[in-house]
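Spelled out, the chains give:
2 protein chains.
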Amino acid sequence: MLAVGVPSGHEGMKQLTGKALSDFLERDEHPPRDVVFVLQDVEDPVNVGAAFRIADACGAREIVLSGTSPCPPHPTIAGIGRGTHRRVAWHYTRTAGEGIQSYRDRGFRAYALEVTAESLPYPSITYPAKLCLVVGSEYHGVTKRTLAACDAALYIPMYGKIGSLNVHVALAVVAFHILHTQAPA
Amino acid sequence: MLAVGVPSGHEGMKQLTGKALSDFLERDEHPPRDVVFVLQDVEDPVNVGAAFRIADACGAREIVLSGTSPCPPHPTIAGIGRGTHRRVAWHYTRTAGEGIQSYRDRGFRAYALEVTAESLPYPSITYPAKLCLVVGSEYHGVTKRTLAACDAALYIPMYGKIGSLNVHVALAVVAFHILHTQAPA
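Listed in order, the protein sequences are those of chains D and B.
Numbers -19 to 165, taken from my numbering, label the letters of the first sequence in order.
Numbers -19 to 165, taken from my numbering, label the letters of the second sequence in order.
Okay, chain D solo, but in the shape it has when bound (with noise of 0.2 Å):
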C-alpha cells in the first residue's frame, strides 16, 4: 500500500495511448481469476454490449447469454462493446439455470447480483478461483428460479433514493473487486 501524500511529480503527466498504453497496461498479469458473466434475460442491446467491454477488460471466460437477452451480432451490441463480441467467448442457453448448473457442474460458484433478504454485501465474501457472476433483466432482476440455481446473491450497499444500478455498472463493480482486492479462496 502507498502511503497517502506521496509526492506525485505529476507536472508532465499525459494520457497514454496506443502502443504506450497498451505497453502499460500488459504489465499487469491477469489475477487468478475464472470469471463467467450470465446475462438473464438482459434485454437493452446496450448493456450486453457494456457486458462485453466490461468482459474484455476484466479477461473473463465467457459471456452466457440467457432467455430475451438479444446475442451478436447486433449492431448495438458490436457498437457500445468497441467489437468485443468477436474476442469474448459467449454462447446462448434458454435459460439462465442452464448456463450456470453447466458451470457448477465444472466447480464454478454462481452469485447473483439481486437484492433478496438473504442477500450479502459484495465485499463481505470471500471468493473462490473460478465463479460466475449472475445479473437479470433491467425490469424484474433475477428471477427466482435463476436465484434458486445460484449458491448465493449479492447486493452492493448504496446510500442514495434509487437503490438500483445499471446492471452493467453492478457487474463492473463487483467483478473488478473480485479481480482486484482479494487473493482466491
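Bear in mind the hints are in silico, worked out from the structure with no lab data behind them.
One or more of the hints may lead you astray.
[Claimed, not checked] Short, incomplete list of chain D residues facing chain B, as computed with Cβ under 7 Å:
id: 1; residue: -6
id: 2; residue: -4
id: 3; residue: 5
id: 4; residue: 10
id: 5; residue: 98
id: 6; residue: 127
[To be verified] The calculated SDA-like cross-link candidates involving lysine to any residue, where the alpha carbons are at most 25 Å apart (straight line), are:
id: 7; chain 1: D; residue 1: -1; chain 2: D; residue 2: 66
id: 8; chain 1: D; residue 1: -6; chain 2: D; residue 2: 8
id: 9; chain 1: B; residue 1: -6; chain 2: B; residue 2: 62
id: 10; chain 1: D; residue 1: 141; chain 2: B; residue 2: 160
id: 11; chain 1: B; residue 1: -1; chain 2: D; residue 2: 120
id: 12; chain 1: D; residue 1: -1; chain 2: B; residue 2: 137
id: 13; chain 1: D; residue 1: -1; chain 2: D; residue 2: 59
id: 14; chain 1: B; residue 1: 124; chain 2: B; residue 2: 83
id: 15; chain 1: D; residue 1: 124; chain 2: B; residue 2: 4
id: 16; chain 1: B; residue 1: 110; chain 2: B; residue 2: 67
id: 17; chain 1: B; residue 1: -6; chain 2: B; residue 2: 7
id: 18; chain 1: D; residue 1: 124; chain 2: B; residue 2: -3
id: 19; chain 1: B; residue 1: 141; chain 2: D; residue 2: 14
id: 20; chain 1: B; residue 1: -1; chain 2: D; residue 2: 97
id: 21; chain 1: D; residue 1: -6; chain 2: B; residue 2: 104
id: 22; chain 1: D; residue 1: 124; chain 2: D; residue 2: 72
id: 23; chain 1: D; residue 1: -6; chain 2: B; residue 2: 103
id: 24; chain 1: B; residue 1: 110; chain 2: B; residue 2: 8
id: 25; chain 1: D; residue 1: 141; chain 2: B; residue 2: 11
id: 26; chain 1: D; residue 1: -1; chain 2: B; residue 2: 128
id: 27; chain 1: B; residue 1: 124; chain 2: B; residue 2: 100
id: 28; chain 1: B; residue 1: 110; chain 2: B; residue 2: 81
id: 29; chain 1: D; residue 1: 124; chain 2: B; residue 2: -6
id: 30; chain 1: D; residue 1: -6; chain 2: B; residue 2: 143
id: 31; chain 1: D; residue 1: 110; chain 2: D; residue 2: 128
id: 32; chain 1: B; residue 1: -6; chain 2: D; residue 2: 74
Glycine residues also receive a C-beta, built at the ideal position from the N, C-alpha and C atoms.
Following the hints, complete the assembly by docking chain B onto the known chain D.
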C-alpha cells in the same frame, strides 16, 4: 469475512422491491468518505446521467461539471440518471482545474482516472476521507492541464484488447472500491 461454502438456504430467495428494498438498503450506514466527482469535458449526456445515478448510489457530496460537459436540465441526463440530478448537488466550472482547486483548498485530495506513465493502480492506494475523483473526455481523456491540478493519477488494470472502460463504468469501479474496501487513512 464469510467463508466460502456457507450454506445459502437460497431456495426461497426473491428480489426485494419497493419499501422492502429501501428498508433493506437503509440498514447500511454510509462509509466515512466524502467523495466528489469532477467531470472534465464528459460530452455524452448518457455518461453525465449515469454519473448522477452513480453519485446518488455512492452518497457523493457533489458533481462538478466542467468544460464541454452538458448540464441539467437535459432530457438524457434526467432519463439515464433517473432524476437524480434533482437530488445530487452539482455545479459548473469553466475548467475542471477550478473545481478541483476549490476542493483542494478545503482539504480534499484529487485523483484523476487516467492512464499516464505515472499512474498508480487504483487498489494500491490508501485513500483519505475527503477526495475528488476526476474523469475526462470520452475522446481525449483527462488533459495535461487537469492532470497538473490533481494529486495523482490512477488506472484500472485491464486484461483485454480495448484498454479502456466507458467513463461512467470506470468512475463506478473506483468510487465503490473506495467506499467499500478500506477505512480512510
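Each hint tested on the structure:
With its C-beta approaching chain B no nearer than about 5 Å, residue -6 of chain D sits inside the 7 Å limit, and its interface hint holds. Annotation: interface hint on residue -4 of chain D holds; nearest CB of chain B at approximately 5 Å, less than 7 Å. A least Cβ separation of about 6 Å between residue 5 of chain D and chain B falls short of the 7 Å threshold, and the interface hint therefore holds. Taken as an interface hint, residue 10 of chain D checks out: its beta carbon lies about 5 Å from the nearest beta carbon of chain B, inside 7 Å.
Interface hint at residue 98 of chain D: satisfied, since its Cβ lies 6 Å from the closest Cβ of chain B, which is below the 7 Å cut-off. Nearest Cβ of chain B to the Cβ of residue 127 of chain D: about 4 Å, under the 7 Å cut. The hint holds. For the suggested pair residue -1 of chain D and residue 66 of chain D, the alpha carbons sit about 21 Å apart, so the restraint of at most 25 Å is met. A C-alpha spacing of about 20 Å is found between residue -6 of chain D and residue 8 of chain D, which places the hinted pair at or below 25 Å, so the restraint holds.
A threshold of 25 Å between alpha carbons decides the hint, and for residue -6 of chain B with residue 62 of chain B the separation of about 24 Å falls inside it, so the pair holds. A distance of roughly 19 Å separates the Cα atoms of residue 141 of chain D and residue 160 of chain B; the hinted pair therefore holds under the 25 Å criterion. The straight-line distance between the Cα atoms of residue -1 of chain B and residue 120 of chain D is roughly 16 Å, inside the 25 Å bound, and the hint therefore holds. Between the alpha carbons of residue -1 of chain D and residue 137 of chain B the distance comes to roughly 16 Å, so the proposed pair stays at or under 25 Å and holds.
A C-alpha spacing of about 22 Å is found between residue -1 of chain D and residue 59 of chain D, which places the hinted pair at or below 25 Å, so the restraint holds. Our distance criterion of 25 Å between C-alpha atoms is met by residue 124 of chain B and residue 83 of chain B, whose separation comes to about 19 Å. Distance hint between residue 124 of chain D and residue 4 of chain B is fulfilled; the C-alpha atoms sit about 18 Å from each other, no more than 25 Å. Restraint check: the Cα-Cα separation between residue 110 of chain B and residue 67 of chain B comes to about 20 Å, which is no more than 25 Å; the hinted pair holds.
Taken as a hint, the residue -6 of chain B and residue 7 of chain B pair is honoured in the structure, with Cα atoms around 18 Å apart against an allowance of 25 Å. Distance hint between residue 124 of chain D and residue -3 of chain B is fulfilled; the C-alpha atoms sit about 13 Å from each other, no more than 25 Å. Simply put, residue 141 of chain B and residue 14 of chain D have alpha-carbon atoms about 18 Å apart, close enough for the 25 Å limit, and the pair holds. The hinted pair formed by residue -1 of chain B and residue 97 of chain D meets the criterion: a straight-line CA distance of about 12 Å does not exceed 25 Å.
Our distance criterion of 25 Å between C-alpha atoms is met by residue -6 of chain D and residue 104 of chain B, whose separation comes to about 20 Å. With a CA separation close to 20 Å, the supplied pair residue 124 of chain D and residue 72 of chain D stays within the 25 Å bound. Proximity of residue -6 of chain D to residue 103 of chain B is assessed by CA-CA distance (about 21 Å); at most 25 Å being required, the pair is judged to hold. This hinted pair checks out: residue 110 of chain B and residue 8 of chain B have alpha carbons roughly 20 Å apart, not beyond 25 Å.
About 16 Å separates the Cα atoms of residue 141 of chain D and residue 11 of chain B, which keeps this hinted pair within 25 Å; it holds. Among the hinted pairs, residue -1 of chain D with residue 128 of chain B is consistent with the structure: their alpha-carbon atoms are about 23 Å apart, no more than 25 Å. Our distance criterion of 25 Å between C-alpha atoms is met by residue 124 of chain B and residue 100 of chain B, whose separation comes to about 16 Å. Distance check on the hinted pair: residue 110 of chain B and residue 81 of chain B sit about 13 Å apart at the alpha-carbon level, within 25 Å; holds.
At roughly 5 Å between alpha-carbon atoms, residue 124 of chain D and residue -6 of chain B fall within 25 Å of each other, so this suggested pair holds. Pair hint residue -6 of chain D plus residue 143 of chain B holds up; C-alpha atoms about 16 Å apart against a cutoff of 25 Å. For the hint linking residue 110 of chain D to residue 128 of chain D, the alpha-carbon distance of about 19 Å falls within 25 Å, and the restraint holds. Of the supplied pair hints, the one linking residue -6 of chain B and residue 74 of chain D holds, its CA atoms being roughly 21 Å apart against a limit of 25 Å.
The structure fails none of the hints (numbered hints given earlier).
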